[in-house]
Amino acid sequence: MKLKVISGIGLLMAILLYSCQSDDQIILARYYSIGSIIYQNKCQNCHGKDGQGLSALMPALTDSVYLIANKAILPCIVKYGLKGKLLIINKKPFEGDMPAMDMSPIEIAEVLTYITNSFGNKMGIVTAQMIDDDLTKCK
Amino acid sequence: MKKLIAAIVIILTYSACKFNAGQTALPIYGNRTPVTKTIDGKTVTDTVYQTIPGFKTVNQYGDSITNKSLDGNIYVADFFFTTCPSICPIMHRNMLNVYDAFKAEKDIKIISYSIDPKHDSVAILKKYADKLGVTGNTWWLLQGKKEDIYKLSESYLVTKPQEDAKQLFIHDGYFILVDKQKRIRGTYDGTLPEQVTKLIVDIKTLKAEPDQINGK
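Residue numbers (my numbering), protein chains in the order written: chain L, 1 to 139; chain W, 1001 to 1216.
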């Protein structure tokens, strides 16, 4: 009896919580959690568990200023890789070589949603549609 | 009677803890061969342990480094290459912890053999070390002849690196702990932070062994 009541209340709360979230938030949460797994499998070795990078070998993903300024080219970086000089973390010069990642637009959307909303970043959802648009403009 | 049982339990628990805490020697790995000698008319059997054979390399400063350069040192070895996209960044992120823990100690070294010596020249290794933030003579990044390095990897009980179809190297990310007598005393998965923490503890344990304190 007690159990039924408790689980009943639990269910009610879950429904309440779920319906109170906007659709965007639900998608964000889904992208974010799938994105975290993609990050572990494909990015964490270089960029680190907490996006801290590795000395001057691998750049950190904690520079919100950089990420916001370069939001539209992030999909290109992931898909086609990145080589050469950049200015990151208080505009310090950095030079490295990131390999191209063989990933679909939806996967790129998920992983970018994860990194741009972790490690101190808070940039909201990146959708597959946005990725499709951005990818047509890659140089 | 009850008291007796309680006493036994207490003693057992106590000694169980003691047993764990009192681990003062690390195991010795590799092949061992018994050698029988006659000393003063008595036959004695000694055990000869596998040791790391000689090798010839250069480090990131262009200095020639051989097995002799490591005499009197406890060291940690691994195999890597600077353009490795997969596990090397993880390994060296973890190895930096070992470096930071022991960089002030003269008789502890780290050596990383490049398995891609064609690309990893002295200049490239120096640049890599600089970017990693490694200075001084605690951590050497070594270039040698490819065949020699591959052969040598077997002496460290590491599987020989393989070249797959895409010309990428596969290797297994082990950190190997070698004592002053050049015997292997531990192998750790360099991609796992917990294992590397254990390595740091083990180095301290090893350093305290009489053989290492007196080791030349």
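Since the hints were made in silico from the structure, they are not lab data. Keep in mind that a hint or two might mislead.
Examples of chain W residues toward chain L, derived with CB under 8 Å [unchecked claim]:
{"#": "1", "residue": "P1089"}
{"#": "2", "residue": "N1097"}
{"#": "3", "residue": "K1106"}
{"#": "4", "residue": "I1108"}
{"#": "5", "residue": "K1131"}
{"#": "6", "residue": "L1192"}
None of the values given here were measured: they were computed from a predicted structure. C-beta: ideal position from N, C-alpha, C; glycine also.
Evaluation of the interface hint that places W:L1192 against chain L, nearest CB under 8 Å:
violated (12 Å)
Min Cβ distance, W:N1097 to chain L: is it shorter than 8 Å?
violated (12 Å)
Regarding the hint that W:K1106 lies at the interface with chain L, is the smallest CB-CB distance below 8 Å?
violated (24 Å)
Interface hint status, W:P1089 versus chain L (Cβ within 8 Å):
The hint holds - W:P1089 has a Cβ within 8 Å of chain L, the shortest such distance being about 5 Å.
For the hint on W:I1108, just tell me whether its beta-carbon gets within less than 8 Å of chain L.
violated (21 Å)
Is the shortest C-beta separation between W:K1131 and chain L less than 8 Å?
holds (4 Å)
Figure legend: structure checked against the earlier numbered hints; hints not met, in rising order: 2, 3, 4, 6.
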